[in-house]
Amino acid sequence: MLEVENLHATVDGRGILNGLDLAVGPGEVHAVMGPNGSGKSTLSYVLSGRDGYEVTEGSVRFRGADLLALEPEERAAAGLFLAFQYPVEIPGVTNMTFLKHAVNGLRVQRGEEELDAMQFLKLVRQKAKALGMSDDMLKRAVNVGFSGGEKKRNEILQMAVLEPAFAVLDETDSGLDIDALKIVADGVNALRGPGRSMLVITHYQRLLDYIVPDRVHVLAGGRIAQSGGKELALRLESEGYAAFADKAAA
Amino acid sequence: MARLAPIDETAAGPADSGADWLTGWRNGPADGPDASPDWLGAARADAAGRFAGRGLPDRRVEDWRYTNLAHLTGLELDWSPAPADVAKESLPALVFGREAECRLVLVNGQVRPTLSTVPALPGGTVLISLADALASGHPGVADLLRQRVAVDGGALKALNDSWLEDGYVLIVPDGVTVDMPIEILSVGTGGALPPAYQPRNLIVAGAGSRVTVVEHHVGLCIGGYFANLVTDVAAGAEAIVRHCKVQDESREAVHIALLDAALDSGAMFDSFCFTLGGRISRNELRVSLDAPGAHCRLNGAYLAGGRQHCDHTTSVDHVAPETHSEQLYKGVLDDRARAVFQGKVTVRPDAQKVEGHQMSRALLLSETAEVNTKPELLIHADDVQCSHGATAGDLDGEALFYLRSRGVPEGQARQLLVEAFLNEAIDAVALAGMRLPLERNVARWMAERPRP
Ligand SMILES: Nc1ncnc2c1ncn2[C@@H]1O[C@H](COP(=O)(O)OP(=O)(O)O)[C@@H](O)[C@H]1O
Ligand SMILES: [Mg+2]
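One line per chain: the protein sequences are Y and L, in this order.
Quick note on our numbering: the first sequence kicks off at 1 and runs consecutively.
Quick note on our numbering: the second sequence kicks off at 1001 and runs consecutively.
Hints were generated in silico from the structure; no laboratory data involved.
This list has only true hints and no planted wrong ones.
Where chain L lies over chain Y, by a calculated footprint (3+ residues, C-beta under 8 angstroms):
#, segment
1, 46 to 53
2, 61 to 74
3, 88 to 99
For glycine and all other residues, C-beta sits at the position ideal for the given N, C-alpha and C.
Using the sequences and the hints given, assemble the complete structure.
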């Protein structure tokens, strides 16, 4: 589904990713862990096509296409979704309006018919209910005045409504209490299926108790420094990232 | 047919040296000075002298530093245009398709009864033309007008003071609530020469009265004209006056409007101005908060593209203690458009416990668009809360990326963000039925704007 090869990326002329390789097959959930500042968010932004993140070498194939050649909205239409580490506030645009433009923007790009107001409302209500979100939150401006936890839940709502083939979750767990974490994990698990893959970026092992990954990767020194099964996450939890810091420097 | 000369920004200022653009003006209004009461002829002559002595304001006049009217001097104007043919059926399309409950129509500044729909208004409320009010010697009108005309309020006001021929007059007696919006539709339309017209409007709201006025200013021609409007508002104690103005003049028109409001104790003046049209436009508000509890809210939203120049100038005078004012102006500029926001807040000595807040925000969609902002706080009391702020910038790049990452195409995402930006100002329009059309106008403007 996703094949990243020898990816090099710079921000402000500074090399952040230095030859990253990663392959995620259909239906797989991979976790990416790593110390702060190791480039996890950079990877997520490079995948979703944010300005200012320049790819200097390497390739990314997504469902057979050259992902890096696509505009951000085209990547979304191809099935990519990024749950932002820091969800953006948009004053003046309600959650409902935002979702409606997103749903229909994707449908139009895919040559499907737009949803009418009734169909759309039904879809969103149902997903919001499953995530324990009130109608009131749907009417509020996107993320404006939301608590940290509400913002993260809002990302999961968008994911649930848009049903992407590939979701990148960038530290969706940080700042969540245990109850919120469970709700978010349930939302993510509800989307798991044979055709759907995920890249779960996290700093802590905790989330992986709820979203059990097929593979765990350690990002350090701008590349995948080690990969393993879910037990690798447990080991990192007890040993920390110090070993990788040395490795990266070496 | 006469064509408007292109605007020459470098053309020099005052044009009081016998330039032809004023030839028709020198002849005075069509009814002639004799047909009217004595005081009127004298007032006109006095104002004409004031204007002639000063000419058009140029950059040396502080208030007009950023808005240059030299364009006008290149025009040959028709100051007494013959009544133009306008079909009544064509009117609803000019006002968002709204059917009129109460609509007074002016064409080139003259009230046209046959195009208007004015039902009986509650409690003796009067909506008539200034021409009729003057002819019938309506006492309230003459007194207020004499008093306001005597005030030296700058060259353009003097030009309007020198005319006093027609306009609308709205008088709401004490304690009367008028529920239906009073709609004023001002249509500008060209002739062999571009018309010049100068309506003088009066809104007199008695103590405890409530009224809403919705003004639409539209062009029925693609050519230019010069509209120089003055509206005087007097709001009695506890009166609530809402004034909503949509300025969608022809893209070649010059629209200069001054509204001067005086508020008694506990009165509220709520103004919203939506500016879309005109080659050069200025909407100036002067509000005097004369007694404790008086309160005004001045909001505006504007969209300008091409080489449009739009100016919003406000001056709020906190004469009395315990008076409040708040202002929010938001605009979107594209191409080579220029906007001006000048906001003056004065707090007089001893006007304690005053609150005055002002904010101007502009969104610049192109690198050649420009906004000039000049806030001015003149505070002579110590127990006051005043603030002002101004921002000018591009769309929020993060929000744009967020939308695109969710599958919203870039153009649509930009449009959504522009609408969201302006809606903050539009949402403040308490007037039912106006929000949606205004928002649609924004959407249409965005959809139609030329893309690089
Ligand atoms: N927009 C940016 N501007 C400048 N530096 C950035 C930007 N984004 C990330 N960086 C830098 O890139 C490095 C990796 O950051 P990031 O990808 O956010 O790491 P992580 O998500 O693993 O904590 C850090 O040194 C960070 O300071
Ligand atoms: Mg990060």
